[in-house]
Amino acid sequence: MRNVLSLKDVTMQFGGVVAVNNLSMDVNEGEIVSLIGPNGAGKTTVFNVITGVYEATNGRILFNEEVMLENYPKGKMKKLYKGENAGVYKKSVVKLPDKITKMGIARTFQNIRLFKSMTVFENVLVAMHLRRKSNVFTATFKLNMKEEKAMREKALELLCEVGLEDVKDELATSLPYGKQRRLEIARALATQPTLLLLDEPAAGMNPQETDELTAFIKHIRDKFNLTVLLIEHHMNLVMDISDRIYVIDFGKLISSGTPEVVQADQRVIDAYLGVTEDE
Amino acid sequence: MDFIAKYLPYLLAGISVGGQYALIAIGYTMVYGILRLINFAHADIFMVAGFIMVYASASMPIYLSIPLVIVLTVVLGFVVERVAYKPLRSAPRMSVMISAIGVSYLLQNTAWYVTGGLAKVYPTIPWISDTVTFMGCTTKRVTFITPVLTILLVVILVLLIKYTKIGIAMRAVSKDFETSQLMGIKINTVISMTFIIGSFLAAVGSLLYFSNYATVTPTIGAMPGLKAFVAAVFGGIGSIPGAVIGAFIIGICENFIKAAGLTTFSDAFTFALLIVVLIVKPNGIFGESTSEKV
Amino acid sequence: MKKTTKNIIYIALLLLIFALSYVVDIIAPYSMLVTVLRKGAVYALVAVSMNLLNGFTGLFSLGQAGFMLLGAYTYAIFTIPTAVRESVYYYYEGGIINFQMNMILAMLLAGVVAAIFAYLIGLPVLKLKSDYLAIATLGFAEIVRALAQWDGFGKITNGSNLLKKFPVLDNTTQYFLIVAICIAVIAMLIHSTYGRAFKAIRDDEIAAQAMGINLARHEQLSFVISAFFAGIGGALLAIFQTTVQANAFKSAMTYEILLIVVIGGIGSITGSILGSFLFIACSEWWLRFLDEPMFIGTFQVPLLRTGFRMVVFSVIIMIVVLFFRRGIMGDKEFSLDRIAKLFRKKAKGDKK
Amino acid sequence: MKRIIALALACLMVLACFAGCGSKKADDVIYIGIYEPASGDNGAGGKQETLGIQYANTLVNTVTLGGKEYKIELVEVDNQSSTDKAISAASQLVSKGCSIVLGSYGSGVSIAAADTFANAKIPAIGCSCTNPAVTDGNEYYYRICYLDPFQGTVLANYAFEEKGETAYVLAQLGDDYSVGLATSFQSAYEALGGKVVYETFPEGTSDFTAYITSAKNAGADVMFAPTSTTSASLIISQAASNGAEYALMAGDTWESSVILDAAKGTNLDVSVSTFFDENDDTAAGKEFVTGFKAWLNANPDKLTNNGGNDIVAAVSALGFDGYMTAVEAIKAADSADSQAVADALGGVVYTGVTGEIKFDEIGDAVRNLAYIKTVDTVNGAFVFGKIQTIAD
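Sequence lines, in order, name chains A, B, C and D. First residue of the first sequence? That's 1 in this note's numbering, and the numbers climb one at a time after it. First residue of the second sequence? That's 1001 in this note's numbering, and the numbers climb one at a time after it. First residue of the third sequence? That's 2001 in this note's numbering, and the numbers climb one at a time after it. First residue of the fourth sequence? That's 3001 in this note's numbering, and the numbers climb one at a time after it.
The reader is advised that the hints may include incorrect statements.
Think about it this way: if two alpha-carbon atoms lie no more than 27 Å apart in a straight line, the pair counts; the simulated DSSO-like pairs of lysine-lysine are [stated by the list, open to error]:
| # | chain 1 | residue 1 | chain 2 | residue 2 |
| --- | --- | --- | --- | --- |
| 1 | A | Lys102 | C | Lys2127 |
| 2 | C | Lys2127 | A | Lys168 |
| 3 | A | Lys168 | A | Lys133 |
| 4 | D | Lys3286 | D | Lys3121 |
| 5 | C | Lys2129 | A | Lys168 |
| 6 | B | Lys1165 | B | Lys1086 |
| 7 | A | Lys116 | C | Lys2155 |
| 8 | B | Lys1175 | C | Lys2127 |
| 9 | B | Lys1281 | A | Lys91 |
| 10 | C | Lys2341 | A | Lys78 |
| 11 | A | Lys91 | C | Lys2127 |
| 12 | A | Lys82 | C | Lys2002 |
| 13 | B | Lys1281 | C | Lys2129 |
| 14 | C | Lys2006 | A | Lys179 |
| 15 | C | Lys2332 | A | Lys168 |
| 16 | C | Lys2003 | A | Lys142 |
| 17 | A | Lys95 | B | Lys1086 |
| 18 | A | Lys79 | A | Lys95 |
| 19 | B | Lys1175 | A | Lys76 |
| 20 | A | Lys149 | C | Lys2003 |
| 21 | A | Lys154 | C | Lys2003 |
None of these hints come from the bench; they were simulated from the model. Because the structure is a prediction, the values reported are computed rather than measured.
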């Protein structure tokens, strides 16, 4: 199996707080991998580091064997740094989020971030902007009609895929919660990713909806040849869907492996103690 | 000619105008610290304070009109906040800023209407307007009073913020608006207090400024206001000592640029400095950095 | 309504406006109406260009007066007839430019110069966010104003003195035509995929970036395009005023344009256009009577004297800002559907 | 609540619309426009010039054209001393249908509005704007006062002869009057062999101490600062408090009670040039001065507009002459039509209180004398110094 995403010794430190500590993980092609951990474990920070929202303090991230991020503690961080492997990396390669998306990583957000003034349809359409061939002149003077038409068709197709075609002209923010989550997925798909990061896609869903979501994620993985990395608290979904699971607590990896292995791991149980597994 | 005699007047002018900017700048920086609002109307409150003095001193003795000016300016600052900013508490920041521009427009136009658009001569305040000679150069006594008074007021203010209950509340609100509200801090009282302090200092600043430059016009506030704001940004907005140091630096630089014969750029310099500071050190010299949570 | 009928109505409306602008010139060439229409048109363009930046891209810039100054100066400098340069550049021996450009070309150049400056200033400044960006662009405008007044550039800019005698437009229809073309281009841009990207940035920068929109590039693009049209607007303002002086392009001008945008509705092109005409008509024309003493019989209405107009006007603005925060149009555009809806609603209300 | 406000606003708009369109011109009235600043930096001077015009209007308020008597009404607008407000103020006059326009105090606003009047084919008479660019190349703009090159030379001669050989010249950026006169002064003064240090200050400057110190450091014998009265009072008071030892000089704008108030009680040496002297001994001049003073004293409002005293400013005399010249032109044209008045204006010869007015081909009245006055800082009054002329 080909490696799609690989994190090596990634540390993210904000001032004196270490949010992600020396994390290494791998995601292979076609897999569905889950990242779990108690609240505040640093899961979303991992996503933010992968997608370039935060610049990791130390470590290296490879995407399809290409260096997407490489960093070492600099400036003030030199003194403050509390993580490990400080001397390993010498280069500083930092890519901005849009560049990373262009390379083929798309994401959804835990606290839904739809474009609030736009309709459902426009929300998907805007994500197609990335793969445009037109420039600002041709776009303004309508010399890109063909492309524009293709964009619209594709966007509609994606909306059908997630079952939102009947509300396409409504304001995105007027949709119910579950549909907004699906719209976020459609929007992410519109950027034509190979790796999809889903940040708590099932948050706020009832068991039935969660089951549907499980099927849906599998479906889009197959249909769009995706690799999926997801953060989730719904353990049913995680155990159902995941090929492999990484568990982190306080920014550190405490366990990894197939669902069965992780479920049996005492460290995981300890970490989750006091946290109900089935919400 | 002797070096000191040649350049001392520029330095003195710079320090005194710097002190006056500082008093205005504190109003900007405190309001920004709490509301994240560039209070464009602040410069016009300063201007109105000047006009109140002109009209007050025409009908009553100076020792009555000075306290009156301060009281009325404080009231104005309070009313502006209650009328123009409070209703927009939950609105986007841009709306509040536009409201501030609107208030500034209103105050200027009202002043224009009341005065007929003509410049008014500021009354002479005895003693502080007297001419004194210092190391061979002649100047008004207010030149020396300004920096002393400014620093005194700033020290008092800093102590106030550090040790009094309302001061602690102010600091809490500027750190986190919502949380301090949940902690039972009366947010409106704190904000009003900020405006009251800011307006008080603007009134004092206007007394000193116009004693030195004795003409008041409806648009007089614009330039000192902008410069004071730049000083606030320069020192790191939200930081009172920063604003004061920024104001003195700007006041002194400005006068030496004029001395160098580059008068066209004396205002432009301030803004160039601003842009450079913003780019190199976006949070100013004493500012704290913040980042958005995703 | 069918789409074709709607289009026909829109075109008819547009033609009607142009016809009116033509007729006004003939029947009342020296009326205030003409002044209002021309100045309103110029401000409409500038307001729309500012709206592109502040309303559609969410960049809070206050540098509009600076870009207008650049446009106005570029236009004036390159179109003053060589014959009269001697008298215009009286203090600078006729200046150093001794050719005259075509009006339209000069107008385009005005936009291009403003755009180039926007590009250069945008490189560092656009890294700043919200208020900081606003204050930095405001500072930039002031620097431009100081530079334009500097003696050292006197041979080009005529120092702080007036530039005049450049060719002007002599009928209102021409103003309307140029402004309409420019606004149409901006509108087309906003409705293109780039416009959607701008709106995405405005709504949520982080999500926009996550969708692969290059923030720096798109913000720069919006900034430059806005400056380009502000430059053309500046050239038109020069034409309207027949003279140009750097002194006029103060921050107060930017504030006025910002108020127009807010009154019209942030994020609405038609709002900005409407707001601009209303603003100019109120401030220049309709409220003028407040400046003159008025007698009803022998009773003199109190308060009315010079300056009262502006007081009333600023009170109106405050009312709009406080109570009608979304302006006239909100972020909606003028459309027949909306009007039809409005009437239907009214009719319903009447029945009740 | 919101709806009521919206409704009220809409009503106000409609009302305003009617008011805006309401006024219609009466048949037997001729309008003369007063294009003067009533506010802003030059507001004080503009008001004084307007007073002269208003006084003239009280004396001559009808004119008989083709056997029919017309009433002359004044239409005042305020150009706010600002070039960007100039156009709409001028358009206001144009839209009222004025036959001729008088003004403005301050050259910049006159230049800014010149083309607006020319495009509407309305002649204008500049009463006290001295910058050559006002009338140059504009066949509708005339002027009854002297020009900057003349005034600058006169002042330079006076300064060089009486004050010394080093001058510090201070002009306001973007003010055509200020820059124009300063430049004229500079070239004339340098031609005489004097040394000039030239500085400008941006509009809205309050702090002049740096300039005053620079002038001192430059070893100036005289500071020449042709500025608006607003800046002037700041310059004078700061020069006094900073112990300036050089003389202060300026052009016609400084002949104002604002200057007297600022200079009173200081030990500065202030002198100005002007168009007219209150103690002029011509019959017309005497008559005007007594009449004008009586009129001012009878009207408290007018007295306030004159600065609270009855000192006759030169600009009032020029305003008076401007109005009379305009009436002469209307008579000569025998028509209220602005184009006809414009055609007739060039040929008008009129002897007013400020001397004979006769236009040359550019449209400037031929003037060759200026009055130099100095400030009596003890009593706060202008003292006649000398009449200065230059050989042609």
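The hints, checked one at a time:
Of the pairs offered as hints, the one joining lysine 102 of chain A and lysine 2127 of chain C holds, with about 22 Å between alpha carbons and a cut-off of 27 Å not exceeded. Annotation: proposed proximity of lysine 2127 of chain C to lysine 168 of chain A is violated, straight-line Cα distance about 35 Å (limit 27 Å). Among the hinted pairs, lysine 168 of chain A with lysine 133 of chain A is consistent with the structure: their alpha-carbon atoms are about 25 Å apart, no more than 27 Å. Note on lysine 3286 of chain D and lysine 3121 of chain D: the hinted pairing is violated, with a Cα-Cα distance of about 36 Å set against a maximum of 27 Å.
At most 27 Å may separate the alpha-carbon atoms for a hinted pair to count; lysine 2129 of chain C and lysine 168 of chain A exceed this at roughly 32 Å. Restraint check: the Cα-Cα separation between lysine 1165 of chain B and lysine 1086 of chain B comes to about 22 Å, which is no more than 27 Å; the hinted pair holds. With a CA separation close to 52 Å, the supplied pair lysine 116 of chain A and lysine 2155 of chain C exceeds the 27 Å bound. For a cut-off of 27 Å, the pair hint linking lysine 1175 of chain B to lysine 2127 of chain C stands: about 24 Å separates their Cα positions.
At roughly 25 Å between alpha-carbon atoms, lysine 1281 of chain B and lysine 91 of chain A fall within 27 Å of each other, so this suggested pair holds. In summary, the hint linking lysine 2341 of chain C to lysine 78 of chain A is not supported, as the alpha carbons are separated by about 63 Å, beyond the 27 Å threshold. Taking the CA atoms of lysine 91 of chain A and lysine 2127 of chain C, the gap is about 24 Å. The hint holds against a cut of 27 Å. With a C-alpha separation of about 67 Å, the suggested pair lysine 82 of chain A and lysine 2002 of chain C falls outside the 27 Å cut-off, and the hint is violated.
A distance of roughly 13 Å separates the Cα atoms of lysine 1281 of chain B and lysine 2129 of chain C; the hinted pair therefore holds under the 27 Å criterion. About 34 Å separates the Cα atoms of lysine 2006 of chain C and lysine 179 of chain A, which puts this hinted pair outside 27 Å; it is violated. About 18 Å separates the Cα atoms of lysine 2332 of chain C and lysine 168 of chain A, which keeps this hinted pair within 27 Å; it holds. A hinted pair counts as satisfied when its Cα atoms are at most 27 Å apart, and lysine 2003 of chain C with lysine 142 of chain A qualifies at roughly 19 Å.
For the proposed pair lysine 95 of chain A and lysine 1086 of chain B, the alpha carbon gap of about 42 Å is over 27 Å, so the pair is violated. Simply put, lysine 79 of chain A and lysine 95 of chain A have alpha-carbon atoms about 24 Å apart, close enough for the 27 Å limit, and the pair holds. The suggested pairing of lysine 1175 of chain B with lysine 76 of chain A holds, with an alpha-carbon distance near 23 Å, which does not exceed 27 Å. For the hint linking lysine 149 of chain A to lysine 2003 of chain C, the alpha-carbon distance of about 19 Å falls within 27 Å, and the restraint holds.
Of the supplied pair hints, the one linking lysine 154 of chain A and lysine 2003 of chain C holds, its CA atoms being roughly 24 Å apart against a limit of 27 Å.
Violated hints, listed in ascending order, are 2, 4, 5, 7, 10, 12, 14, 17; each of the other numbered hints is respected by the structure.
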